[in-house]
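Protein chains in written order, with this note's numbering: chain P, 1 to 272; chain F, 1 to 222.
Take the hints with a grain of salt, since some may be wrong.
Some chain F residues near chain P, calculated using beta-carbon distances under 8 angstroms [said to hold, decoys possible]:
#1 Gly171
#2 Gln182
#3 Gly205
Just the calculated beta-carbon pair ranges, DEER-fashion [stated by the list, open to error]:
#4 F:Ala26 / P:Arg50: 54 to 60 angstroms
#5 F:Leu23 / P:Asp137: 44 to 50 angstroms
#6 P:Arg212 / F:Pro35: 55 to 61 angstroms
#7 F:Trp184 / P:Asn239: 22 to 28 angstroms
#8 P:Asn129 / F:Leu208: 16 to 22 angstroms
#9 P:Ala76 / F:Trp184: 14 to 20 angstroms
#10 P:Ala224 / F:Val56: 32 to 38 angstroms
#11 F:Gly171 / P:Asp137: 41 to 47 angstroms
#12 P:Pro98 / F:Thr55: 37 to 43 angstroms
#13 F:Ala14 / P:Pro98: 48 to 54 angstroms
#14 F:Asp2 / P:Glu127: 33 to 39 angstroms
#15 F:Arg33 / P:Arg57: 35 to 41 angstroms
#16 F:Leu50 / P:Arg212: 49 to 55 angstroms
Keep in mind that the hints were calculated from the coordinates and are not lab data.
For each residue, glycine too, the CB sits at the ideal point set by N, CA and C.
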Amino acid sequence: MKRALALILFLFLTACGGNSGGGSAEDVELIVFAAASLQETLEECGALYREERPKVRLVFQFDSSGTLKTQIEEGAECDVFISAGQKQMDQLDRAAGPDVNTEGLDLVARGTRFDLLENKVVLTVPEGNPAGIHSFDELRAALEAGDILLAVGNGDVPVGQYTQRIFAFWGLDEAALNAAGVLTYGSNAREVTTQVAEGLVDGGIIYATDARSAGLTVVDTATAEMCGRVIYPAAVLSNSRFPGEARAFLEFLRTPGAGAVLESVGFTPLDN
Amino acid sequence: MDWFPLYNSIRIAAISTVLAFFLGLAAAWYTARLPRLAKGLLDAVLTLPLVLPPTVVGYLLLLALGPRRPLGAWLLDTFGLRLTMTWPGAVLATAAVTFPLMYRTVRGAFESFDETLAQAGRTLGLSDAWLFWRVRMPLCRQGILAGTVLTFARGLGEYGATSMLAGYTPGRTATISTTVYQLWRTGQDGPALRWVLVNLALSAGALLAVNLLERKEGRPWR
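Using the sequences and the accompanying hints, generate a full structural model.
Below, the structure is given as structure tokens:
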């Protein structure tokens with residue numbers, strides 16, 4: 001029994017040791033939390049950055065910005081946050097003002113926040129367009145008639161919030177749509193994209209970049225009047241262990257080299 | 001409060017229990033009589049859905065039944081049957097996950113059945129079907145009932161495979177478990193807690209029913 005316990009303890013300690021060890025003291029590990037829609041492009045930018053600064057190891061975590069915001073709030077170790085909506089960043093940024101920083105969280109390092117990218121919200125349909133929807137106007141009519149199934153992000157996900165604004169712009173009541181059973185909710189933009197790609201639904205409201213990465217048919221693009229501009233803010237977090245390196249990485253994302261990668265799937269890099 | 005998720009959860013759990021009941025009985029009956037090696041192999045395959053993460057079961061079902069996949073496309077073209085993003089799809093996912101519970105409990109009951117009783121019946125000229133339904137089933141009823149209620153209780157709580165195959169469509173595929181998840185994700189703690197309480201009451205009721213069934217028989221079920 002004692003020997004078994006000793007063995008378990010030994011295994012446990014070696015496993016823990018494996019986690020903390022590795023790499024010399026000079027190496028820097030930057031943890032980057034980014035919206036799921038940035039996955040492919042940011043990984044590609046990371047590979048470029050590795051050539052420029054080999055000492056910096058980038059660790060990415062991609063999920064819905066709402067989930068990432070919650071994890072940061074709960075104390076997750078993170079150096080850089082790139083959100084798919086201003087709302088999630090505002091919630092963490094005291095400087096954004098109390099009307100949007102409702103929980104009074106102060107987790108964004110002062111002066112590091114800027115608008116990195118712009119994306120578009122689009123209407124996509126599966127191959128063959130089974131419900132025959134060719135525009136947002138036709139989508140609206142089909143939703144009111146109640147004879148389609150549309151995949152959208154839930155209210156916690158930025159793409160879901162843009163979708164809610166589109167419904168509000170049309171004067172559609174989401175509760176009534178739910179009663180008619182025409183909306184199905186995904187918990188991040190990628191889940192909605194997969195549901196369209198697999199033909200599980202008649203259409204989906206997602207980002208232009210996700211649609212392009214997945215090779216989906218885009219039938220219409222939402223205008224700024226419908227859902228506002230889709231801006232991705234980026235910032236260094238105040239409890240970053242390497243604020244200088246974190247800032248340098250964000251600056252790198254504004255260089256032409258990184259910009260070309262981001263543009264390749266349809267993002268628009270912003271200068272400000 | 002919209003009670004659809006409660007109705008849908010009970011509907012899905014009940015129908016999938018009926019499916020799992022007959023499939024589980026048949027599987028238990030046929031594997032019990034196989035040679036040892038074949039029995040061991042088949043048993044492992046049939047029990048797999050119980051130990052696999054429900055997300056893996058859901059993924060496998062999606063690979064088979066998505067409208068872009070051969071089987072899914074065939075079902076849709078031939079029967080107009082769509083098993084993705086619909087409540088019958090949730091029934092299938094739930095039955096797949098809960099089937100091993102039924103199968104294993106019933107197999108245990110069948111194995112503890114005294115075969116000399118069946119042999120005695122045969123000497124009296126009774127058919128195998130008669131023996132199965134009138135002798136074996138009544139004598140194994142404790143195990144069968146317990147397996148059924150357990151299957152139903154687990155079916156009520158199914159989340160992973162169901163959410164992958166049927167998604168979360170309010171008014172169509174929303175169950176208590178997927179509703180709780182969505183309400184939590186969107187920060188609606190009050191309604192989430194109400195559904196949690198409904199679920200607790202329902203599941204506790206089902207488990208109490210199992211215990212009462214056991215006690216009624218006078219001896220603990222083995």
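Against the structure, the hints come out as follows:
no.	hint	in the structure
1	Gly171	4 angstroms, holds
2	Gln182	6 angstroms, holds
3	Gly205	28 angstroms, violated
4	F:Ala26 / P:Arg50: 54 to 60 angstroms	57 angstroms, holds
5	F:Leu23 / P:Asp137: 44 to 50 angstroms	48 angstroms, holds
6	P:Arg212 / F:Pro35: 55 to 61 angstroms	56 angstroms, holds
7	F:Trp184 / P:Asn239: 22 to 28 angstroms	26 angstroms, holds
8	P:Asn129 / F:Leu208: 16 to 22 angstroms	51 angstroms, violated
9	P:Ala76 / F:Trp184: 14 to 20 angstroms	18 angstroms, holds
10	P:Ala224 / F:Val56: 32 to 38 angstroms	42 angstroms, violated
11	F:Gly171 / P:Asp137: 41 to 47 angstroms	24 angstroms, violated
12	P:Pro98 / F:Thr55: 37 to 43 angstroms	40 angstroms, holds
13	F:Ala14 / P:Pro98: 48 to 54 angstroms	51 angstroms, holds
14	F:Asp2 / P:Glu127: 33 to 39 angstroms	34 angstroms, holds
15	F:Arg33 / P:Arg57: 35 to 41 angstroms	59 angstroms, violated
16	F:Leu50 / P:Arg212: 49 to 55 angstroms	41 angstroms, violated
In this structure, the hints that do not hold are numbers 3, 8, 10, 11, 15, 16, in rising order.
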